[in-house]
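Mind assembling these two chains? They're in different frames, but the hints should get you there.
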Amino acid sequence: MFESLQERLQEAFKRLRGKGKLTESDVTEALREVRLALLEADVNFKVVKSFIARVKERAVGQEVLETLNPAQMVIKIVYEELVTLMGGANVGLTMADRPPTIIMLCGLQGAGKTTHAAKLALRLKKEGKKPLLVAADVYRPAAIKQLQVLGEQVGVPVYAEGDQVSPVDIAQRAFDYAAQERRDVIIVDTAGRLTIDEELMEELRQIKERLKPHDTLLVIDAMIGQDAVTTAEHFHGKLGIDGVILTKLDGDTRGGAALSVREVTGRPIKFVGVGEKLDALEPFHPDRMASRILGM
Amino acid sequence: SVFRKIDDELFDELEEALIRGDVGVTTSSRLVEELRRQARVRGLKNGDELLPLLKELVAERLGSQVAPLNLNEGGLTVILVVGVNGVGKTTTIGKLARHLREDRGMKVILAAADTFRAAAIDQLKVWGERAGVEVVARAEGADPAAVAFDGVQVAKERGADVLIVDTAGRLHNKGHLMDELGKIARVLGREVPGAPHETLLVLDATTGQNAIQQTKLFKEVAGVTGIALTKLDGTAKGGVVVAITDTVQVPVKFIGVGERLDDLQPFDPKQFADALFSE
Ligand SMILES: Nc1nc2c(ncn2[C@@H]2O[C@H](COP(=O)(O)OP(=O)(O)OP(=O)(O)O)[C@@H](O)[C@H]2O)c(=O)[nH]1
Ligand SMILES: Nc1nc2c(ncn2[C@@H]2O[C@H](COP(=O)(O)OP(=O)(O)OP(=O)(O)O)[C@@H](O)[C@H]2O)c(=O)[nH]1
Ligand SMILES: [K+]
Ligand SMILES: [Mg+2]
Ligand SMILES: [Mg+2]
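Chains as they are written, first to last, in my numbering: chain A, -10 to 285; chain B, 19 to 297.
Just chain B, same shape as in the assembly (with noise of 0.2 Å):
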């Protein structure tokens, strides 16, 4: 290949693919002045090895707070999944019972907290199937606080590892929602101690700058413990997680790939700065 000698186009071109990736311009700007910083320091003369080194940064950011699933060992565990709407919360569900249950050998109930949308209740129970495991339901628009009362004390008595609960999609800017999700949260911390011990909070990867303020919010309301990003099996690269853990520092440890039960994979911060370049 030619030798591209390493200049300001070089630097632009590379900050440019990240904003493309919705890695967002303040943390991309960020980037490229610590990998200027860098090159710098390392001596680099070749262009072809900015990119390799920016992917490296990238995925350091993103990699020192892997983390995985908060189980309450010996215990019952409470994983309360959050986000807004239509991001992939209800899906994820199905396809994190099947990994608990098949892959951990993990008794696990769900429990359909969101009796608000039209024939969300049905959906989960699709999901409840596929995964081979129980769901929990009252009717459509009973308390769902109440629901995950219920489901608490199903997954007791079944002696479950695992209690997921699904909740109805809600856009964080609107308060009453968001306080009927503090207290969905409550009810579950008063049945089990440390409850919910996982707050998983659903993003959309096609989703723009927006998320950050979505994870801020649902943070301070839910108290979130982990990301599942979904959908990155489209054209979008979620890259704005690169920013959330600039800014609010919650890890990212699933990624949704598809609509099917064994769409969900591990959160690897080098395939993901990888795949934030790609094409």
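Isolated chain A, as found in the complex (with noise of 0.2 Å):
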């Protein structure tokens, strides 16, 4: 496994300081090693970079210079830097002023949507309020099915028109359906897709179009890769993404990926799964995730 990122960089700083003081480029030399640890845990090359250069610009400071402990205090200087760039505090979900509040996820194949269509209307349900569940995936076998399983476990209903219907429709008429039965919340479940999938990409388009959706979050697998830059880059220019949840944190990724989606959209990650019991759902916490990048 991985040495622990404040022992490799005391390794560094050890090896330098034998030559005298410490010099700007001592610092860059040693900031080597946190470029490494975060691309072991899955950020992003180019969002690495960035981040480097702005860490850098802070460590050359005298105070890194000067300090007796040079690797604790670069610690505390990435650490930061991490918190800030993943937003700070949480960010909860946007509500609407007037019910209903629409919320809308989106994602890759796989990533979690259904899962956690289900998990956000238990969490709403447990608030007071009274979700809606709508089975707008017509093309994964049997992913209606999968919804309505979910709903019931959690005691929401769920609305579907079968597979042989446009999901843009779908999505209207559980509109209207949500307004008959005075349901306040709509979370709607769409299908995994690729982002070069033009057809399949304009399809989210058209269902952002018709419902005006307060939230719509993607949805992504803290398991990938250099991959989550072009995905968010891509859902977010595509469609305009308002927030992220971040899925499977209960396995033993770094969860790079976190980092590289806040960097690319500006959007704040609001939750993050943990599990797959329907209450696995939490808000996201920039620090504890900024501890888990960096393996402290």
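Hint data in this document are derived by calculation from the structure and do not stem from the laboratory. Among the clues, some could well be false.
[Stated by the list, open to error] Taking lysine-lysine pairs in the PhoX-like style, the calculated list, with each CA pair at most 20 Å apart, reads:
1. A:Lys134 - B:Lys125
2. B:Lys237 - B:Lys192
3. A:Lys266 - B:Lys192
4. B:Lys234 - B:Lys288
5. A:Lys65 - A:Lys3
6. A:Lys266 - A:Lys134
Written out as structure tokens, the structure reads:
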């Protein structure tokens, strides 16, 4: 496994200190360890570059050059920058002034959209809301049934019209249905899709156009590698997202995707998924994520 | 084209390309070291010659381990399909069933041993129908090892050539779920000598370095013998398999390139190496 970054930096600085007083280029040299650690954590290549540049700017200030423990100082700066980058405090769902609040989930295949639609429904129900789940994935085998089973488990109704109808129409009629049934939150589950699939991306745009969701959330698997940036850029560029749900954080991935997604979209990570159970949903905490990425 | 000389900048660029493809820093720098060495030995002068050489090095690593599907000639072959959540296990099983039945004339049975995830059984049944093969299932919540056992019995009764067992997605760091997988494998081994003959680990091409850990732990618990790398039709390159063949030594056998029944292909190291550096 990884050596801890702290140890690696200590090693590096010890080596450099041997030559006398620390210089700016020594700090640059030591930051290579930070770069490696971030890349090992799957932070995107480009994101690592700009991040290291920012850290360097702060690190070559006298604080690091003069301090007795430069490794610790660098860690502190890296940690603070990570937390800042990932958005400081937690951001919750955007609720409509006048119900219904509309939430649309989108993302790559298998990221966890359907599961998280149900998790959000459960959470909102516990807060006293009356959510409606909408089955707008007409492509994946048994996707509708999956949402229906989950809906039943959380005790939230599911609006479905089978798989022979356009998702755009389903979404539109679900809206009317929600008004009729006085449901105050609409959560739309959509099919997984590749960002290069123009036709399916267009379909999402149309659903968004019709429903004007208050929160369009990108659901992204925490284990994703360098492709996180492409995925986030495309979903944000072609559709416009308001936030992110980072799933499967109950695994042992470092989750560098969190950093990449935040950096390229500027949108907050609102929730993290930490299990298959439907209550395994937590608000996102930038400080915990920073520690995780650094392996602290 | 303009002559490009071979310098550090060029090596750095190539290392970047590897990292961007999810090959990972360690394996990428190892590969570039080897590239430097070979370029020297071969006396290369033209920068344009480096990329083809690097592709060769990548393909060599992957290709030295190319292996066909393990079959139990003359008897029932059992294929156990495992992996973390949402990578494409069930879909890959549908595609593989079609391939074995249509292209290789085998009689195939599927066992729905994911009794946990909502509608997983229905999903496999749809794939079974598409591929034209029978699906053995129990109710949701049933013991997965019992379903695997049923699968073997039905496969024997029908005189099937291949039984493919679908399992629930599980994260490799969850001990109790991994134990459950070990139990399924043991039941299969008790019913058919040498089973599972093939334990296919399904990896999602969008996955980063975590795939290495996935492979290690699934190999430990279930004796993984091959990898199916899915979702290569997207923008991700799946380069982590280069690191995997470097450290864990499990061959890639199939790639998934879409959501349709015929979107499964045999793994081709040269083509993979080419695609790793495309665009
Ligand atoms: N361990 C874990 N598994 C999760 C989490 N979220 C979802 N899953 C699992 O991941 C798999 C895929 O989840 P789905 O909700 O079907 O994903 P999806 O994005 O709807 O998939 P498609 O509709 O096929 O694109 C399932 O096995 C889920 O149980 C999580 O936070 N932790
Ligand atoms: N684009 C693309 N999508 C794929 C490929 N293979 C599977 N998928 C999609 O990925 C999603 C998850 O596939 P599943 O087969 O349900 O994955 P799984 O590993 O069985 O999931 P769990 O049982 O929930 O762990 C579905 O939307 C599939 O259609 C592929 O090669 N390319
Ligand atoms: K690709
Ligand atoms: Mg879904
Ligand atoms: Mg499955």
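Q) Which of the numbered hints above does this structure break? A) 1 and 4
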